[in-house]
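> Sequence:
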Amino acid sequence: MDTQAQIKEIVTSHPVVLFMKGTAQFPQCGFSGNAVNILRASGVEKLHTVNVLEDAAIRQGIKEYANWPTIPQLYINGEFIGGSDIMTEMFQSGELQKLVKA
1 MDTQAQIKEI
11 VTSHPVVLFM
21 KGTAQFPQCG
31 FSGNAVNILR
41 ASGVEKLHTV
51 NVLEDAAIRQ
61 GIKEYANWPT
71 IPQLYINGEF
81 IGGSDIMTEM
91 FQSGELQKLV
101 KA
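Taking UniProt numbering, the leading residue of the sequence shown gets 1, the next gets one more, and so forth.
Hints listed in this document are in silico derivations from the structure and should not be mistaken for laboratory results.
Wrong hints could be hidden among the right ones.
Stated by the list, open to error - Cross-link-like lysine-lysine pairs, in silico, BS3-like; alpha carbons within 30 Å at most:
1) 63 <-> 21
2) 46 <-> 101
3) 46 <-> 63
4) 21 <-> 101
5) 8 <-> 63
6) 8 <-> 21
7) 98 <-> 46
8) 98 <-> 21
9) 101 <-> 63
10) 46 <-> 8
11) 63 <-> 98
12) 46 <-> 21
13) 98 <-> 8
14) 101 <-> 8
As the list claims (entries may be wrong) - Here are the in silico distance ranges between beta carbons for each label pair:
15) 88 <-> 63: 14 to 22 Å
16) 95 <-> 67: 17 to 25 Å
17) 1 <-> 23: 36 to 44 Å
18) 6 <-> 28: 15 to 23 Å
19) 79 <-> 45: 13 to 21 Å
20) 54 <-> 92: 26 to 34 Å
21) 54 <-> 98: 25 to 33 Å
22) 78 <-> 2: 16 to 24 Å
23) 97 <-> 25: 33 to 41 Å
C-beta atoms are modelled at their ideal positions from N, C-alpha and C, and glycine is treated no differently.
Based on the provided sequences and hints, a complete structural model is requested.
This is the structure in structure tokens:
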């Protein structure tokens, strides 16, 4: 399976997916840690994370998949939502909480 197919499989198999540096328990960058905290505060119980530091192909491939240059990247129900800044804005407006409960 090529990397793009692998990424598609991941984002369509789980309702909430975060491609991040590190893990939910041990984020390895501030933006990834912020993203996990926002999702927890939004009520996400089943968060699937992918540590891009463990797989160079995924790390590069996810940037191409969404045409988005930075990590973390959030997907909800197979759709690309955005990175840490967008997640913060959506959380503050209440939009993110609605999306994860839908």
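> Can the suggested window of 25 to 33 Å be confirmed for the beta-carbon pair residue 54 and residue 98?
holds, 32 Å
> Take a quick look at whether residue 21 and residue 101 sit within 30 Å of each other, Cα to Cα.
holds, 25 Å
> Does the structure keep residue 8 and residue 63 at a Cα separation of 30 Å or less?
holds, 13 Å
> Between the alpha carbons of residue 101 and residue 8, is the straight-line distance 30 Å or under?
Roughly 22 Å between the alpha carbons, so the hint for residue 101 and residue 8 holds.
> Has the given pair, residue 8 with residue 21, been kept, meaning a C-alpha gap of at most 30 Å?
holds, 19 Å
> Just to be sure I understand the hint, the distance between the Cβ atoms of residue 79 and residue 45 should be within 13 to 21 Å; is that true here?
holds, 19 Å
> Given a hinted range of 36 to 44 Å, is it respected by the beta-carbon distance of residue 1 and residue 23?
violated, 23 Å
> Please work out if residue 46 and residue 8 have their alpha carbons no farther apart than 30 Å.
holds, 18 Å
> Given the hint that residue 46 pairs with residue 101, does the C-alpha gap stay at or below 30 Å?
Within the cut-off at roughly 11 Å; holds.
> Could you check the hint for me, namely that residue 78 and residue 2 are 16 to 24 Å apart, CB to CB?
Cβ of residue 78 to Cβ of residue 2: about 18 Å, so the range 16 to 24 Å holds.
> A range of 26 to 34 Å was offered for this pair. Does it hold for the Cβ distance of residue 54 and residue 92?
holds, 31 Å
> Given the hinted pair residue 101 and residue 63, is their Cα-Cα distance within 30 Å?
holds, 26 Å
When held up to the earlier numbered hints, the structure conflicts with 17 and 23 and fits the remainder.
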